[in-house]
Amino acid sequence: MSDTVTLPIPAAAPAPVLPAVGPLAATATMVRRSLRLGLRNVDGLIIALVLPITLMLVFVHLFGGAIDTGIDYVDYVVPGVLLLCTGYGASLTAVSVSEDLTGGIVDRLRSMDVGALPLLTGHVVAGVVRNGLSTALVLAVAVLNGFRPQASPLGWLAALGLLALYVVAMSWVSAAIGLLVRSPEAAGGFSFFVLFLPYPSSGFVAVDTMPGWLQGFAEHQPLTPVIGALRALLLDQPVGDDAALAVAWCGGLLVGSMVASAALFRHRFH
Amino acid sequence: MAAAIEVDGVTKAYGPVTALDGVDLRVARGEVAALLGPNGAGKTTLVRVLSTLTGPDAGAARVAGYDVVADRREVRRRISLTGQFAALDELQTGEENLRMTARLRGLSGGDARRRTSELLGRFDLVAAAGRRVATYSGGMRRRLDLAAGLVGRPEVVFLDEPTTGLDPRSRQELWHVVAELAAGGATVLLTTQYLEEADHLARRITFVDAGRVVAEGTPAELKGRVAGERLDLVAHDPGALDRLAARLGDRAVGLDPETLMVGVPTDGTAAHVRALLAEVDADGRAVARFAVHQASLDDVFLALTGQAPTIRPTGPTASEEVAAHV
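The listed protein sequences derive, respectively, from chains B and P. Each number in our numbering comes from the position in the first sequence (counting from 1) with 547 added on. Each number in our numbering comes from the position in the second sequence (counting from 1) with 71 added on.
Among the hints, a few may not be true.
[As the list claims (entries may be wrong)] Listed next, with one range per pair, are the computed distances between beta-carbon atoms:
#1 Asp195/P / Leu592/B: 27 to 35 Å
#2 Gly662/B / Asp128/P: 19 to 27 Å
#3 Asp142/P / Arg815/B: 22 to 30 Å
#4 Gly181/P / Arg695/B: 49 to 57 Å
#5 Asp182/P / Asp788/B: 52 to 60 Å
#6 Leu592/B / Glu267/P: 41 to 49 Å
#7 Glu251/P / Arg815/B: 31 to 39 Å
#8 Gly763/B / Ala131/P: 51 to 59 Å
#9 Gly662/B / Asp182/P: 40 to 48 Å
#10 Gly763/B / Asp138/P: 53 to 61 Å
#11 Ala99/P / Phe740/B: 37 to 45 Å
#12 Asp92/P / Ile593/B: 49 to 57 Å
[Stated by the list, open to error] Output of the computed footprint for chain P on chain B, the stretches with three or more beta carbons under 8 Å from beta carbons of chain P:
#13 653-664
#14 752-762
Read the hints as simulated data drawn from the structure, not as lab findings. Please read these numbers as outputs of a predicted model, since none were measured by experiment. Think of the CB as a built atom: it goes at the ideal place given N, C-alpha and C, for glycine as much as any other residue.
All chains should be built: construct the whole structure from the sequences, respecting the hints.
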């Protein structure tokens, strides 16, 4: 074989250069990947299933008796628990994104010309699916514990649509956090924040029972209009300007965090 | 035919750390070339520039005939990168990882399946194809990662420290794969800290230290310029060590007062060792013990550059750390 060294290398059958993969095809592949990873992450799945059931039972049976909101507490608390569980589920996106960034996968993807959008969209879509399960579970446990929604089909559609928008927005916020922090552990800290954000809102107790300094935050934080709109839609009551405010908040967070994610990705890798 | 890799005066700094300081490099098509150097020498940064992951601050580089900045999309369609961190999902099986990469490379579902089973066979992973990567050994992961890099039949293959952390048998297996790749006509640029590895795999070796090319040539040319082995002398006491070091002068390598040890290059023959001992320890009172070792990378650097490689702590150092995470 040593004589081959001195001969010109025979032109190895020049492999045809592959067509670049389109962004849609790449996104579909990355969505499948994230769904598969989500399904196999047993710890995450157990939390996604146990958290809704536990929280619903804790609020209705443990705290509910001591809280007077003027209506059945289970009817009052469902939107708050929904946002708590789905918010937590969405926040896990930060961990998945951060894990990808600390491993070699992003380098491989970038060297194949697959950008940030397919990767992050994959994680967000997987998060939305996971949260669909959590939502169904929260509603089922609520109904078993006396929740009697009055919503019309259109009201249901609007409520689920708003919830989906909230989940997508929180997932993108979380993706941006995942790009911002330096380790999956730090990304996990974001879940903690999201778990507490619904408490100072109209989700679990009426805002006017809070101390004055907290009322200002609770009245104006983004979750309050989302909870207000969800509650009104589910109980078939007038929604007022909560719906518009909720959509504006979620839409704003969504657009803002997508732009921030793109900028953070570029900043981190160029 | 143009070179597969052409690098002209590339510099790259990460904040205050100069990772590349005017690097020139040529790799012909179909050649296996090695970048050899200690941790933090800039090897990883150069691979990142060439695989379009980071842009050079100055200078230019072309891969497969395309500029890595202006034509980066064209470059990306013709290369593969297997980095130090495996680009694999632990929760996916080997087969799923490969199929995913194939789809991202633009193969149709059927083609992706065919290419996947072809690569699983070639990398001896058929039996493990249906197992999750989490259950794989280090060597299997490295092979799978390399296979994933090859789904698109790249013209130029970058391997960043492909055998670091592998046991000797896995290293041998990987060497075999690289040799096969080269036989198939691909251009391969690999980085390594091991002289032996560069020697075994590459037809051209480029020594890199502190962001600069310090020597370049075929393994035979380079080995001709360095002593193959090193004689380590252990002194009886610190005073004896000082006397030995003084007599060795410029030839002393790796003086270590802690272990009372000092090294000196040798060709390893009994005659040379005997002569050295007679020269530095004529009265037989200074040297307590001695041992002859294969020349280390440090010795090679010393011989080629006249100075020890820039001392850095073990483990990833500032510039490589930055390169890996920025």
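Hints, verified against the model:
1. Here the CB-CB span from Asp195/P to Leu592/B is close to 33 Å, well matched to the stated 27 to 35 Å.
2. Look at Gly662/B against Asp128/P: about 23 Å separates their beta carbons, and that is inside 19 to 27 Å.
3. At about 23 Å, the beta-carbon gap between Asp142/P and Arg815/B stays in the expected band of 22 to 30 Å.
4. Between Gly181/P and Arg695/B the CB atoms are about 52 Å apart, so this pair conforms to the stated range of 49 to 57 Å.
5. At roughly 54 Å, the beta carbons of Asp182/P and Asp788/B sit within the given window of 52 to 60 Å.
6. Distance hint check: the CB atoms of Leu592/B and Glu267/P are about 47 Å apart, consistent with the given range 41 to 49 Å.
7. Between Glu251/P and Arg815/B, the C-beta spacing of about 36 Å keeps the proposed range 31 to 39 Å intact.
8. Evaluation of the 51 to 59 Å hint for Gly763/B and Ala131/P yields a pass: the beta carbon distance comes to about 58 Å.
9. In this structure the hint that Gly662/B and Asp182/P lie 40 to 48 Å apart at CB is violated, the actual value being about 23 Å.
10. A hinted range of 53 to 61 Å holds for the C-beta pair Gly763/B and Asp138/P, which are about 56 Å apart.
11. Taken as a hint, the range 37 to 45 Å is violated for the pair Ala99/P and Phe740/B, whose Cβ atoms sit roughly 55 Å apart.
12. Hint check: Asp92/P to Ile593/B, Cβ distance near 52 Å, so the stated range 49 to 57 Å holds.
13. A stretch counts as covered by a chain when three or more of its residues have a beta carbon under 8 Å from one of that chain; for the region 653-664 of chain B and chain P the count is 8, and the coverage holds.
14. Counting residues of the region 752-762 of chain B whose C-beta lies closer than 8 Å to any C-beta of chain P gives 0; at least three are required, and the coverage claim is violated.
The earlier numbered hints that this structure contradicts are 9, 11, 14.
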